[in-house]
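All residue numbers for the sequence shown refer to this note's numbering, where the first residue is 12 and numbers rise by one.
These are computed hints drawn from the structure, not numbers from a lab. Treat the hints with care, as some may be off.
Claimed, not checked - Distance ranges between label pairs, derived from CB positions: (1) Arg-337 to Leu-96: 38 to 46 Å; (2) Pro-295 to Ala-243: 29 to 37 Å; (3) Gly-309 to Gly-116: 17 to 25 Å.
Every residue gets a Cβ at the ideal spot worked out from N, C-alpha and C, and that includes glycine.
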Amino acid sequence: MRIILWLVALMTALYCGYWVLASRGLRSGLETALAEMRAAGTGDVTALEVGGFPYRFDVALTEPRVTNPDGSVAWSAPGLDVHALAYQPQKVIAIFPMMQRLRIGRETVTVTSADLMASARAGVATNLPLQSAESVGHAVALTSDAGWGLVIEELRAATRLAGAPEAQQIGIEARGLTLAGLPADLITAGGALPASGERLYLDATLVLDRPVDRETPVTGVRIRSADVRSLALDWGPAGLTGSGTLTLDAAGIPEGRLELSLRNWRAVLRLTTALGLVRPESAPTIERALEGLSLLGGSVDVLTLPLVFQSGRMSLGPVPLGPAPRF
Numbered sequence: 012m013r014i015i016l017w018l019v020a021l022m023t024a025l026y027c028g029y030w031v032l033a034s035r036g037l038r039s040g041l042e043t044a045l046a047e048m049r050a051a052g053t054g055d056v057t058a059l060e061v062g063g064f065p066y067r068f069d070v071a072l073t074e075p076r077v078t079n080p081d082g083s084v085a086w087s088a089p090g091l092d093v094h095a096l097a098y099q100p101q102k103v104i105a106i107f108p109m110m111q112r113l114r115i116g117r118e119t120v121t122v123t124s125a126d127l128m129a130s131a132r133a134g135v136a137t138n139l140p141l142q143s144a145e146s147v148g149h150a151v152a153l154t155s156d157a158g159w160g161l162v163i164e165e166l167r168a169a170t171r172l173a174g175a176p177e178a179q180q181i182g183i184e185a186r187g188l189t190l191a192g193l194p195a196d197l198i199t200a201g202g203a204l205p206a207s208g209e210r211l212y213l214d215a216t217l218v219l220d221r222p223v224d225r226e227t228p229v230t231g232v233r234i235r236s237a238d239v240r241s242l243a244l245d246w247g248p249a250g251l252t253g254s255g256t257l258t259l260d261a262a263g264i265p266e267g268r269l270e271l272s273l274r275n276w277r278a279v280l281r282l283t284t285a286l287g288l289v290r291p292e293s294a295p296t297i298e299r300a301l302e303g304l305s306l307l308g309g310s311v312d313v314l315t316l317p318l319v320f321q322s323g324r325m326s327l328g329p330v331p332l333g334p335a336p337r338f
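Produce the entire structure from the sequences given, and follow the hints as far as they go.
This is how it looks when you write it as structure tokens:
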């Protein structure tokens with residue numbers, strides 16, 4: 012019995028020593044990283060605290076601020092709490108505050124939420140390669156000082172390694188979407204569509220230009236290709252589904268095609284007419300042409316057309332749309 016007590020005492024002492032050494036190493040690493048970010052002008056915090064003894068490593072950041080090197084994108088919040096189990100430090104959980112701010116160029120977006128958290132699991136290696144990550148939020152509201160808003164009742168996003176170190180399978184689902192401001196005014200023009208939608212869903216595999224790990228620069232990574240297995244948007248009486256493959260060149264210009272199916276395309280045509288994108292006198296002719304195309308697909312209410320990106324241009328079926336966007 013005495014031997015068992017001695018063994019328990021020894022194991023407890025060893026574990027306490029491990030926690031103390033690990034927490035000191037964690038603090039030292041964080042302070043070094045913060046010093047580098049301060050010197051580069053890419054981030055800062057008002058205060059940093061490490062705790063959680065004996066079962067966890069808890070990091071509390073007060074007023075964290077992060078920006079990219081050219082200052083065009085910045086994020087800030089009143090605080091951020093990060094947790095990891097002492098016996099599984101490569102898996103971390105971040106709990107975000109009820110309010111955050113994201114600045115993109117001259118526009119600032121305020122993000123509020125009832126609860127928003129994210130978790131990530133890294134591989135057991137010195138560069139901590141990202142194995143998987145997920146995020147869940149409820150009552151997430153985005154309000155821009157440019158006059159628009161978006162509320163999402165439930166938001167879920169996840170990513171995981173998909174074979175090669177540069178490949179990530181991603182999934183995004185947003186339920187209960189409500190627009191405000193200019194986007195709401197636009198989408199409700201003519202009364203064809205409501206300001207609220209039911210669901211946005213994306214399932215895709217992205218191939219990046221480098222793996223995501225602790226050495227990933229603040230500027231992030233670039234997408235080299237995207238295999239979109241499923242894209243879906245349910246918005247009132249209308250709906251959109253799609254799939255396809257795109258590749259992106261060094262300038263971020265896509266090449267490839269997405270097969271899109273639009274449900275209740277007449278409502279969308281009424282919207283584009285109300286917005287002045289289609290002249291009222293031309294709408295009947297366009298409707299007859301689209302009806303013929305929908306019949307070719309087998310359903311008069313569903314219009315199936317390819318969204319083609321080629322040579323820096325894009326087109327929807329036979330209709331040219333202009334220059335392709337850059338990502």
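Okay, the hints, checked on the actual structure:
{"no.": "1", "hint": "Arg-337 to Leu-96: 38 to 46 Å", "result": "42 Å, holds"}
{"no.": "2", "hint": "Pro-295 to Ala-243: 29 to 37 Å", "result": "30 Å, holds"}
{"no.": "3", "hint": "Gly-309 to Gly-116: 17 to 25 Å", "result": "45 Å, violated"}
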